[in-house]
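Colleague: Next come the chains, spelled out residue by residue.
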Amino acid sequence: MSELVWGVKASLRSYVSDSEGRIETPLHRTGDGSFVFPAAGDGRFSGEVRFIAHGGMMDFRICDPALEEREGNTILTIDGDGGRIDLATARPTQREGRLELALTRAGAGHFGDFYPTGGALDDLTITMAAAVRRDTIAIVGSGPAGCYTAQALRRARPEAEVVIIERLPVPYGLVRYGIAADHQGTKNVTKQFDRLFERDGVQFVGNVEIGRDVTIERLRTLFDAVVIATGLPGDRPLGLPGESLPGVHGSGEFTRHVNGHPDDASARYELGSDVVVIGAGNVAIDIVRLLLQGVEERAGSDIHPHTEATTLSGTIDRITLVSRSPVSEARCDAAMVKELGRVPGVAFVVDGDAPEAGPPVAQAIRELTARPVDDARLTVSLRFGASPVAVLGEASVSGVEVSTPDGGYTVIPATAVITAIGFTPATPSDSVSADAEPDGGLFAAGWAHFGPRGALPDARNDGKRAAAAVDSYLASLFLAVQREGIAALRADLPSPAVDFSHWRRVDAEERAAASPGRVRRKFLTSEELLIAGGYALTASPVTERNSA
Amino acid sequence: MTIRVLYGTESGNSEMIAEDVAIVLEQHGTVAVADLQDTDPGSLSPADLYIIICSTYGEGELPASAQPFVDRLVELRPQLDGVHYAIFGLGDSGYADSYSKGSEYLAARLDSLGAVRVGEYGRHDAAGFDDASEIATEWVRGIITVRAAA
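For the record, the sequence lines run as chains A and B. All the letters of the first sequence, read from the start, carry residue numbers 1 to 548 under this note's numbering. All the letters of the second sequence, read from the start, carry residue numbers 1001 to 1150 under this note's numbering.
Calculated directly from the structure, the hints in this document are not laboratory data. If you're wondering where the values come from, they're calculated on a predicted model, not measured in any experiment. There's no promise every hint is true.
[Claimed, not checked] Result set (EDC-like, lysine to aspartate or glutamate): computed pairs, CA atoms no more than 16 Å apart in a straight line:
| # | chain 1 | residue 1 | chain 2 | residue 2 |
| --- | --- | --- | --- | --- |
| 1 | A | 187 | B | 1035 |
| 2 | A | 187 | B | 1061 |
| 3 | A | 464 | B | 1035 |
| 4 | A | 191 | B | 1130 |
| 5 | A | 191 | B | 1071 |
| 6 | A | 191 | B | 1059 |
| 7 | B | 1101 | B | 1130 |
[Said to hold, decoys possible] Pair ranges (Cβ atoms, derived):
| # | chain 1 | residue 1 | chain 2 | residue 2 | range |
| --- | --- | --- | --- | --- | --- |
| 8 | A | 98 | B | 1042 | 47 to 57 Å |
| 9 | B | 1042 | A | 358 | 34 to 44 Å |
| 10 | B | 1117 | A | 32 | 20 to 30 Å |
| 11 | A | 358 | B | 1043 | 34 to 44 Å |
| 12 | B | 1071 | A | 195 | 23 to 33 Å |
| 13 | A | 494 | B | 1146 | 32 to 42 Å |
| 14 | B | 1146 | A | 32 | 53 to 63 Å |
| 15 | A | 218 | B | 1077 | 35 to 45 Å |
| 16 | A | 516 | B | 1148 | 43 to 53 Å |
Glycine residues also receive a C-beta, built at the ideal position from the N, C-alpha and C atoms.
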């Protein structure tokens, strides 16, 4: 049972006693003279205090105070002779449960204009003796931003209900489907995230898609705070003629394909002999590396054998990386460039704007080209300072026309083009809202918040930021009604969600099925991912096939 | 004596390992865990034992949360005679020339100011299949044995 502890106004209490008046109340009083109003439910409290002085000429009554939320403001009301009086506005302070009060016009009048409008009353404190309100938080998206947000929130609010809602039946978003398949060491960040679900009581709610299974509006009704951490799944378009020709692919779509993402795993890529990669960030370098690797370099990765056979099977003679910026402004990391140089049998040439000196990345690029290679099985041509102006082709792509630093134009032959120039929202609900203020409990974290930049450390920093914003928002909610949270969401869902133990079973199955030289063999469709974890699909084509 | 576990991290892995190491150390004394960025190098004391968990970023650079500590260390140049520390570095040997360089840089700065490194130099290689927490907790048990024998 909670109670409202409030001294009304210390100077008023002194005034009454100095003028030999009296304070009449049946309420319990604390050591500092505050009155304890017991709760009567829904932010209402009961009891009366009268401040009487000058033989009854002064008689101020505080009766049955209540706190009401109105249009984002909290108002302290009391019972008056002609109905409720809005006495003061209440604002949260640093201390949870403590509110500072400022008199309204009507409140000043209630005290006979003894105090001015806007004048302060004593702070009041709401204490929760038992039946503590439980914070409920839903994070949408189980990639790095969502998991880091949950990690920081769990530290700030150990008792809160924290659930992570994921569209796919398996967790970890870009860790599983974005980080390159041969960077398994980086993917080990999941060991941190596993603990959220296995030790820290964060709930994984997989196979639940916003829009399909539940609306954002419904989530916001069920949870105190909703954090959108769905990333940016769309590929930024070039904005050039010819970019919709067959054979032109976005890096996001291509990376999902190579990583076995259910949305793109079944796509077919005929890369041919001459691949042009547009962009020079780490995503572009990842793609170049995956394309030029031989079978040996892919050992220890989790590239699916089918993907390797159909997409990465060594038809390529030349990869051309085209970057608008000069080499001195290349956005990739030097360490990523050096990694390219460790793949044997590859010749590197730099066309156009050749690096002289400059930052570590420029030096790393120079070292690539200085490397002697006998019998190169393919050539990587790096063209910096070359702006694509058009994608050429009839039935499918045949080349990329670029402007060169000397003011001329040249056509780079291409049997396939992969653009790696950044990511955008795929649907309006993925929108970037870098400057958005917390709007009634709706927050964003990671790329959905600050745009498609940076790697795990940036997601961690933004997760901490988002969690701090949620934490201070929750601190203002102690009066709000208890939200129903995950239990009510589960009751709403058209088909059951999957939990973290489901993922553990899928994970074990995938590891057990790994072919030689691979650490896992991913299931490539949502149906397979569901079945592998023991989920009973009803009336799906897969079930029918199994029973046939 | 307090055993102070300090971590330098970017993606949180060193922080997780620091927490695991602290659980082992709690059987041996009072333990405090802190981020290097919240640690004043001037506060390092011969009375305590420091267990440092530190990753490596980019071209062998310090992780972001270790950088301000090292910056202040270089600026303040505190006398660290008699300060004992053990260090565990995380890296990825896939990046051969920068492997574990971040922690090595930090250790060299501490050594140059008179601090004494105790026990084995702990390492975890993300390119391998070992679990970093298992390697680190085993390593810190070795550190405790070395200290008990000293």
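Colleague: Which numbered conditions among the earlier hints are violated in the structure presented, ordered from lowest to highest?
Modeller: 1, 2, 5, 6, 7, 8, 10, 13 and 15
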